[in-house]
Amino acid sequence: MSMVQLLQANALPRRTTKLRGRLLPYLLSLPALLVCIAILVPFVTAAIYSLQRYRLNLPYLRGFIGVDNYIDFLSDPAFWNTLRISLIYTAVTVLLELLLGLGIALLLRRPTRFHNAVSIMLLLPLMTAPAIAALMWKLMTNPGFGILSYLVSLFGVHDFKWASDPSTALFTVVLVDVWVYTPFIMILLLAGLRSLPRQPFEAAALDGVPASFVFFRITLPMLAPYIITASLFRLLDSIQQFDIIYAMTQGGPGDRLMVFQVQAYLEFFQYTNVGRSAALLMILWLITNILSNIFIKNWLRLRARAHSHA
Amino acid sequence: MDHSGLLGRIFRGVALTLVLVFFMFPIVWILMMSFQTNEQILRIPPRLLFEPTLANYEALISGQLRTAAGNLEISFMRNLFNSFVLSSAAVVLALLLGVPAAYAFARFKFRLGETIAFTLLSFRFAPPLLVLLPLSLYYQQLGLNDTYFGIVWVYQLIALPLILWIVRGYFEDISPDIEHAYRLAGHSWREAFTRIAVPLAGPGIAAAALLSFIFCWNNFVFALILASADKQPVTVGALAFVTASGIQYGQIAAAIVLSVLPTLLLALYAQRYLVEGLSLGAVKG
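Protein chains in written order, with my numbering: chain A, 1 to 310; chain B, 311 to 595.
With the rest of the complex left out, here is chain A:
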């Protein structure tokens, strides 16, 4: 028994009763527990809805239909479109943000005054509400007066329709996502880079090891836990992206940007099909749950490290 535990064991019962001492942590966390339950109730409800034929406009048809909602997806091209668009959107945004974020973090690695000022400025896009960021880019890509439309016209590209053209809509929302979230990866990796021990780098410099070798054999492996945590964070958020896409095009043009949550939202409010909407969200939850289990393991390891040499 450590000193602390001894003190704990002796000190607690003196002024409070034994029972109250043991109940204390539960009393303190009771409100948080209530919030948990309040979240779990709608979650379980959603799971039940997903097994029902449940349309708000046809309430008398409501009934339990097992996994029919899920089976219907298998033969539904709209579902496969949603899955495909969501995965492409996630893969493209996370990959671009990771490469850009890592590059910028390396550029800003030395903690000079100027570098710190730049990294603070890059926080601003990240702290802009994503829905509002989409509106900003909507103004800049307006085909009539948008500055970006004007700039591409200088390069001879006229009639570039950005988010309203099916062939460039994905590119446009990816651009907004990259603008908002690259700084997230950048600041996490920058903090990681600056916390790395100096000795391996000093030793490599003394031995005249080429820069590319240092980067691939020392920097990257040591930075790996930070890269994994930052990417998983982004993967989890990106596959659920709603704000940017909804504010920009509401999933259009056509079904071009119908990612999971936008499709589920429209399924619920436009087609009032609660059962289908819930089933769609359950599938998304399953995907994120697998990812978040991997994520939490990595995140805990990194967290333990951060707090051990605090």
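Because the hints were derived from the structure by calculation, they are not lab data.
Since the model is a prediction, treat every value here as computed from it, not as a measurement.
Each hint should be verified, as a subset may be incorrect.
Said to hold, decoys possible - Subject to a maximum C-alpha distance of 25 Å in a straight line, what follows is the list of computed SDA-like cross-link-like pairs (lysine to any residue): (1) B:Lys419 - A:Phe114; (2) B:Lys594 - A:Leu196; (3) A:Lys297 - A:Gly21.
Stated by the list, open to error - Covered, in the sense of this in silico footprint (three residues per stretch, anywhere, with C-beta under 8 Å from a C-beta of chain B), are these stretches of chain A: (4) 22-35; (5) 240-253.
Ideal placement from N, C-alpha and C gives every residue a C-beta, glycine not left out.
Once you have looked at the hints, place chain B on chain A.
Structure of chain B alone, referenced to chain A:
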């Protein structure tokens, strides 16, 4: 790090300039648009020099929008007010619920504590609509739909995990010995908590509160589903405003500036804590 020659330095300079232009330009450009009249905005080619006007902000603040089709009532100030009320109330509630729980999780190892902490964390990553859509049906039955309380309650999904995990880290970094010495001197548990633990974790609590405020303010989907026009925050209000005002681009830009200004200022103020907050305490800045 002196292996970069002249060429390397030029490359770095160019790359950093491009980075700054890409990330700063939209903010600067929208800020400029917000001081322009519609005629100035529609001019091609766009000009960098122009005579600034405050008309857009005046229209937003007075709530009167003059358009070709006549006067339009706008309630953007109401949205701004709602954002302040909703975000502040959500943070206060999250602090009241979260700080004692974070303390319990840091000081006492108990099963239920870990379960609660991880349940909240895993819901941070669950699709928000999964909880929101059934909740909107419940809210209609309970009469909570379109109430401040109902929205503040679901904002706990954003604020509570953040406060719980960041503040917990700060409590864990404080040695419990100080509190035990204080307890041995005859003080109650409550005094040790309020006079020793909370002040020592003060910076962490403040950082977590600021970040929660920013994330609540920036949230879009919760209020989109649960609030009607007179309870909507700026994120949802700005989108409705774009639809309603149509081609009043100057006012739209001004509305965007007013919507993001509070969080950007707070972020600059709290930048020291942002790294830690964004990673829920996994990476220290």
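These are the hints, each one checked on the structure:
1. B:Lys419 - A:Phe114: The hint is violated at about 44 Å.
2. B:Lys594 - A:Leu196: holds (12 Å)
3. A:Lys297 - A:Gly21: Given pair A:Lys297, A:Gly21 is violated - Cα atoms ~32 Å apart, limit 25 Å.
4. 22-35: That given contact holds, which follows from 9 residues of the segment 22-35 of chain A lying within Cβ reach (below 8 Å) of chain B.
5. 240-253: holds (count 5)
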